[in-house]
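Chemist: One letter stands for each residue in the lines below.
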Amino acid sequence: MNTRVVEIEESLMSKNDAIASELRARFAESGTLVVNLLSSPGSGKTTLLEESLPRLSQRYRVGALVGDQATENDAERLRRSGAPVHQITTDAECRLDAAMITSALSAWQEEPLDLLFIENVGNLICPAEYDLGEDLRVVLFSVTEGEDKPLKYPLAFNTSQLVLVTKIDIAEAVGYDRAAALNSVRQVNPDAQTLEVSARRGSGMDAWIDLLEQRVREKQVALAT
Amino acid sequence: MHEVTVALSLLEGIQTAASDKGVTRVCSVQIRVGALSGIVRDALLFSWDVVTAQTICEGSRLQIEEVPLVVFCERCERERKPRPGTGLLCPDCGTVSPKIVQGREMQLISMEVAA
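Heads up: the protein sequence lines correspond to chains A and B, in order.
With the first letter of the first sequence counted as 1, position 117 gets the number 117 in my numbering; the numbers rise by one all the way through.
For any residue, its number in my numbering is found by taking its place in the second sequence, counting from 1, and adding 225.
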């Protein structure tokens, strides 16, 4: 059979990146700070939000989009905070993409928010590639996961601006090596800020909430000027 | 799971390009994949065969060019390939080198089609 070669030269991410740019423009217009949370399954993304939503809701309009391959369980947990929460069920997809965010927002009749959390599907590989139009990418890893996690998933840590070490209340019991963990983070992202938190016990939560409120105010100042 | 998603995106990209160019039969597809993309070669090849069934790509060969991770070391002032499992450390001087030069690629390069 005679064949010919057709050149394409196109990134697989180009379509997602274009939609993410549209989202970023839209969030700039509404003055909404968007925070994309990445982690392995079970690092504590939902628990972190369960504790964060009520605190932030006192001063700001806060909502969350929650991605999971199946079930509405996480959204149901978060709705108890009273904040608007929408579950995105991804089925076979191992991550959220920008088009899913656009479509979830169109089905959502909330007032413009000051702060939108996007809880990604628990996975440190695929979500790292997908820009969702966020201002702040936060990667979580718990003290039980191994201090070298950043070295195993360098892209997720390299593309995040903030690293949250979670479940810090049980650090001693599980032999967490703080110096080793921070060193691993530095090896893939020396500019990342790192916070240690326990959503259950409250330690480190003030710093996390303060950081978010500061970023919300900065975004609103940017909108006003 | 990741590889199925990637295979579907590839197929979508090929189908778009094929309909633009009036292609009806694809014999092979060439792609470029970076070391940081987390793609398992065999899983992607398997997924490709599954997702292309009954499409213009059915039976086509997926040819994967693997691109190693390359970072720019500020201290050596040149591009370096970190050793696996050492994050973004320069293999020569150990300096953390977060500037990724290559290794994130996920690109469709070309397709070979029936003339």
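Note that these hints are calculated values from the structure, not bench results.
Ideal Cβ placement from N, Cα and C applies to all residues, glycine included.
Just to be clear, a hint being listed does not mean it is correct.
As the list claims (entries may be wrong) - Residues on chain A that point at chain B, a partial pick, calculated with CB under 8 Å: (1) Asn2; (2) Arg4; (3) Met13; (4) Pro150.
Chemist: Could you tell me which of the hints above the structure violates, numbers in ascending order?
Modeler: none
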